[in-house]
Amino acid sequence: MLLAVAVSPDDRYLVTSDRDEKIRVSFLEKPHVIEAFCLGHSEFVSELFIPPNHPQLLVSGSGDGTLRLWDFTRGKELHCCDLRSLEPWCRGSEERQVAVVRITYSLQGDYLAVLCDNFSAVHLVRLDVDSQQLVHEETLVLEPKVWDVSFDESARLWVLHRDQEQPVTLYTARGARWQKITEDTDLERLSDTVRTHWELFQGRVNAVSCCTNLYKVTLDNVAKYKQRKEQRLKERGNGLAPEEDKRRRVEGVREAVGDSSS
Numbered sequence: 001m002l003l004a005v006a007v008s009p010d011d012r013y014l015v016t017s018d019r020d021e022k023i024r025v026s027f028l029e030k031p032h033v034i035e036a037f038c039l040g041h042s043e044f045v046s047e048l049f050i051p052p053n054h055p056q057l058l059v060s061g062s063g064d065g066t067l068r069l070w071d072f073t074r075g076k077e078l079h080c081c082d083l084r085s086l087e088p089w090c091r092g093s094e095e096r097q098v099a100v101v102r103i104t105y106s107l108q109g110d111y112l113a114v115l116c117d118n119f120s121a122v123h124l125v126r127l128d129v130d131s132q133q134l135v136h137e138e139t140l141v142l143e144p145k146v147w148d149v150s151f152d153e154s155a156r157l158w159v160l161h162r163d164q165e166q167p168v169t170l171y172t173a174r175g176a177r178w179q180k181i182t183e184d185t186d187l188e189r190l191s192d193t194v195r196t197h198w199e200l201f202q203g204r205v206n207a208v209s210c211c212t213n214l215y216k217v218t219l220d221n222v223a224k225y226k227q228r229k230e231q232r233l234k235e236r237g238n239g240l241a242p243e244e245d246k247r248r249r250v251e252g253v254r255e256a257v258g259d260s261s262s
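For the sequence shown, the numbering used here begins at 1 and goes up steadily by one.
No lab work stands behind these hints, which were simulated from the structure alone.
Lysine to aspartate or glutamate pairs mimicking EDC-like chemistry, simulated, CA-CA at most 16 Å apart: (1) K30 x D11; (2) K76 x E21; (3) K180 x E138; (4) K22 x D71; (5) K22 x E77; (6) K30 x D10; (7) K145 x D163; (8) K76 x E35; (9) K216 x D20; (10) K180 x E143; (11) K216 x D18.
Remember, it's a predicted structure, so these values are computed and weren't measured experimentally.
Throw the hints in and build the complete structure from the sequences for me.
Structure follows, in structure tokens:
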């Protein structure tokens with residue numbers, strides 16, 4: 001299942017990812033030829049982005065809750081930004097599923113805006129090319145739920161919400177902080193348009209997570225085996241006939257084989 005695709009600005013490389021944790025780098029004209037693998041994520045890779053002004057770099061987002069920066073033609077990881085470690089946005093979320101579902105980019109300032117599934121927050125991350133790092137600048141915790149984000153040509157950040165009354169908010173960078181703009185002609189016009197056509201968004205209001213079924217599922221056959229073994233020992237202690245004990249052991253082996261092959 002193909003989840004994300006990115007093409008280098010010179011149309012030479014094709015970068016793809018799917019349900020496994022691997023990122024594949026191939027040639028656009030010969031996609032069957034793998035130039036490199038970018039390995040480091042522990043869950044599915046859901047977002048890929050090549051900055052047009054830094055075409056040697058790749059940013060990836062994953063179901064493991066991390067952003068990673070790559071020298072992708074060499075398959076080399078340069079930096080990892082763990083969004084689960086950010087406070088107070090993600091307190092206690094180490095046990096939760098945190099999946100990156102949107103990455104958008106501003107050429108002015110090399111800013112990335114990042115959304116994670118089931119979290120109503122926007123992470124502002126700066127791409128520091130000199131140090132080859134992803135630097136977390138700020139997290140905007142917003143209500144109600146954020147559906148999408150995008151930068152305009154002036155590096156202003158537009159946020160689409162699940163709110164018919166105030167469906168769009170606008171932010172701009174002022175110094176080291178991002179501030180909300182309350183009075184703007186473009187903002188008023190876009191908000192009115194979304195409200196007028198709200199029926200187009202109605203189906204997303206109660207939509208469930210799109211990432212839940214993408215996570216790995218592990219089968220704990222060892223635990224099942226130990227449970228069956230304890231049951232057999234208990235039955236022997238209760239004087240179970242050898243023939244019946246053998247029959248149940250055979251059934252247990254068949255069940256274990258069936259579990260592992262399914």
